[in-house]
Each structure stands twice: as structure tokens, then as C-alpha cells.
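**Student:** Now for the letters of each chain:
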Amino acid sequence: MLNRIYDWIDDRIDITPIWRDVADHEVPEHVNPAYHFSAFVYCFGGLTFFITVIQILSGMFLTMYYVPDIVNAWNSVYYLQHDVAAGLIVRGMHHWGASLVVVMMFLHTLRVFFTGSYKAPRELNWVVGVLLFLVMLGLAFTGYLLPWDMKALFATKVGLDIAESVPFVGEWIKTLLAGDETIIGAQTLTRFFAIHVFFLPAALFVLMAIHFIMIRRQGISGPL
Amino acid sequence: MKRGKGLTFVGDSRIQKYDKPKLNRDYSEFPGRTEEFYPDFLLKEWVTGAVFLIGFLCLTVAHPAPLERVADPTDTGYIPLPDWYFLFLYQILKYTYASGPFNIIGAMVIPGLGVGALLLAPWLDNNKERRWTKRPVAAAMMLISFGIIFYTTWESVAYHDWETQNQQGQIVFSNLDTEDPVFQDLIRSNCTSCHGGELTGGSGPNLIEPDLNAETVNAFVTNGSGDMPAFEDQLTEEEIQQISEFVANLELTSRDEAENSSN
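Read top to bottom, the protein sequences are chains A and B. Just so it is clear: in the first sequence, position 155 is 155 by this note's numbering, and no numbers are missing. Just so it is clear: in the second sequence, position 220 is 1220 by this note's numbering, and no numbers are missing.
Keep in mind that the hints were calculated from the coordinates and are not lab data. For each residue, glycine too, the CB sits at the ideal point set by N, CA and C. Mixed in with the good hints, there may be bad ones.
What the hints assert, rightly or not - Per the computed footprint, the stretches of chain A lying under chain B, defined by three or more beta-carbons under 8 Å from a beta-carbon of chain B, are:
| # | region |
| --- | --- |
| 1 | 88-96 |
| 2 | 115-125 |
| 3 | 135-147 |
| 4 | 159-172 |
With the hints as constraints, model all of the structure from the sequences given.
**Tutor:** In C-alpha cells:
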């Protein structure tokens, strides 16, 4: 039955090549921890992706309760934390996942660097990877404000002050992010929310797609 | 992709004939045993992922995500702290030659050089050698950067006043009425910079929890104590009395009562 459905779809849109690209390939010995335990360093990229998926899913559930305005934001997080079934776990996953994704991404960067995997012909993928790193840090920075508690507000204040101290464009950047030249308030929260759940994830998805397509086209770098 | 003259096709103008060898080498060229990604390797990945997820869930249950009290922009005594992965930058900005008049170095030059070098790494380190021991300059630069990030993060954590940090953001529900004129006019200008925006403590002690009477508070405000200055000269006796009564009246309440009293 399943085979017949597959064949029916395949007859029309030829999905076998897509399946080949996604799953039908060999895993070489030098990256397989089952053969050499030290090859676990090649897992950091996959773990980064895994935690990113956790972040996306837990974030989707958080937005079911979260309200991005300064009157209700904190109350909605408090409610989520204390009254919603499993709210503590979902928010915990998103909170700790943010730290873990930074750690894993950092380890992945170090692995790619020290195995020299960014060398020709993989330069472009390295550049995309660095951009992904920056997008992730942007997500971490904007997400930190959203619970609208004391640490969120004052850490964001410091971050925006640093942005403001950049010569020439600093004040412009600050106003763009905060929605006002001096006040960090309602506008800032909605802007950070929009950046956190729409702008940066869009950039993240595009960059991740490019990152993975390039890996598939070029393959994993060979053994040292 | 090659364009224009010299482009050749395989009998069909849509399919180009490649004269370059494929970039994606077949893994049979690599020495050793390969394994099918699907289903063998994927199953192992799946199991590893499941084990990781269980550990991760245990972490979230053992250490719930922190939530401090609701943001209060008027609380000027709060010591800000970014999330830990930005601590290194926060620490660098405290150094003499990366802050104040040299702020541009800490805020622009150092992060700019770091990100720039990282982005351009493939062209800065462009010889064919992949082993890190054979490219000492690149490897040393990365190790030094890693060392700096590690050290500054450690320094930031080690020299931070964690006692005040943990005290200052606590969620405390009290009968504090921030609309009260005594709070608006007197306490906000004299007390909150040390005792916290909701008087739950900062560099000075918590004023909500201890069971203080008006005479004790009056004596503290009039004469000062320890690090606390005397307010005898700045406030009238009547003002001190108003503050004392207001503070003496403070107590912890349940969340519902706290919401009622502030609305």
C-alpha cells in the first residue's frame, strides 16, 4: 500500500532523486564514532541541528501563551511557568537549549577549524556557517528580553548602549532595534519579538538550507 | 558555472557536459569501512539523540528556567548582567583600553577583527595543508582567541557580586503600593537606589521581609548605619516619619493580594 502511494507520487513528481539526496549516501569511516570513538567530534554539527529543531518546536509552543506587550509579557511567562501543564519543561527546554546551541555551535566551529575542513572547495560553506553563528547570537540576544523581567531589561539596556557607541551608525542601529532614541519599552519589546520569531528565523532557515545543500553537493571532507 | 563560448552540451541543450571532475567524491575512494546512512547510521543517530534528549529533559526539570520580577526601568540600583555567552564581550568592555575614550576598541575593533578573521579564515589560511599542527599560525590564532574568550568569561564570573545579583531580582509579592505619594516622592528618590526598586534589597538589605517598627526605621534613616548614610540633613523630620511608617507597614502577601493592592 505504502509502496503504491510512493509509486503514484513518484510517477508524477519524481521524488526519488530528492530522497537520494537526503538519505541515500554512505557515511565514511573517519566520521563514524562506531568505528573510531574520537570521531564524536563530527557529531557537533548534527547536535547543533538537533537542538535548533528543539528550539523551533519549543518556541512554537511558547508563542501559544506568550504576549509581547509590556503589561502582559511577564505575567504570561509567570503563568506559563507556574500554571500551564508542562510549561515549566517547555520554557526550560527553550532556555537551556539557547545555551546548548551556542556551546554546540562553538564546538562545531572548532572541529571544522582544527580539521581544516573549511579549505578549498568548502570556503563558501564556512562563510555561511559563520553567518549562521551570528544569526544564532542575534536570536540569543533578542530572546533574552522577551520574558520582560529585570535581568532581561537591564541586559538589553547594556547591549543597546554598546550598539549605540558604534561610531556614525550607532544611534541609528539603536533606534532601529529599540523603536525609540531613549526609551526601552513597549516598542522595543514588540520589535525584539518580531526579530526573534520572524526576521532571524527566516534568515536562519535560508542559511541552514544553503549550509546543508552545500554539504550534500560537496560531501564531508576526507580523513586527515 | 562556465558560461558563454566553450560551453558544450551532451546532445541536449539543457544538459551541460562537465569537463571538471565532480567535487563530491564517492566515499569508496576513502580508505576504510563506510556505512549506509539509511537505515543503519540513522538508527544509531536516533538512539543517541533520544539519550541526549532524556538528559536534556532531566536538566530542564532539575533547573527550571529563571524568571526575575517584572522589569522596572526606574530601579537604578540594579546591576545588569548579560547571558553568559556575551560575558566575554562585557568583560572586555570593562578594560581601561577598551572602555571610556577607548570604547571604540572594545565595541568595534575587537569584535570586528574577531568576526572578520573568522569570516575570512579560508582566505587568510589558504595553503592546502589541513592538519592543524602543520599550520601553526592559524592554529595559534584560534587557540589565543579561544583562550581570551575563556579567560574573560571566567574573569567576569569570578569578579561578579553574585550575592547582590541573586538578591536583587527575586520575585517578591508585597503590599508595596508604588502609586502612594510617599513612595513616589520620597522613597523613590532616597531609598530605591540601594534597597531595590521594590525595596526587596540591592546593595542595602531587604525592607519588606524583616518585621520593622516605625521607630527603628526612623532611627536608621535619621542617623544612618554602616554603609547607609544619615538623612537627617536632607529630609525633614516629618518626611522621615512618613518614610518610617510606610516601610514599617510593608509585609509579604500572596500574589493575588499583591495585584489587588497595586491596582
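**Student:** Look at each hint and say if it fits the structure.
**Tutor:** How the hints compare with the structure:
| no. | hint | verdict |
| --- | --- | --- |
| 1 | 88-96 | holds (count 8) |
| 2 | 115-125 | holds (count 9) |
| 3 | 135-147 | holds (count 5) |
| 4 | 159-172 | holds (count 5) |
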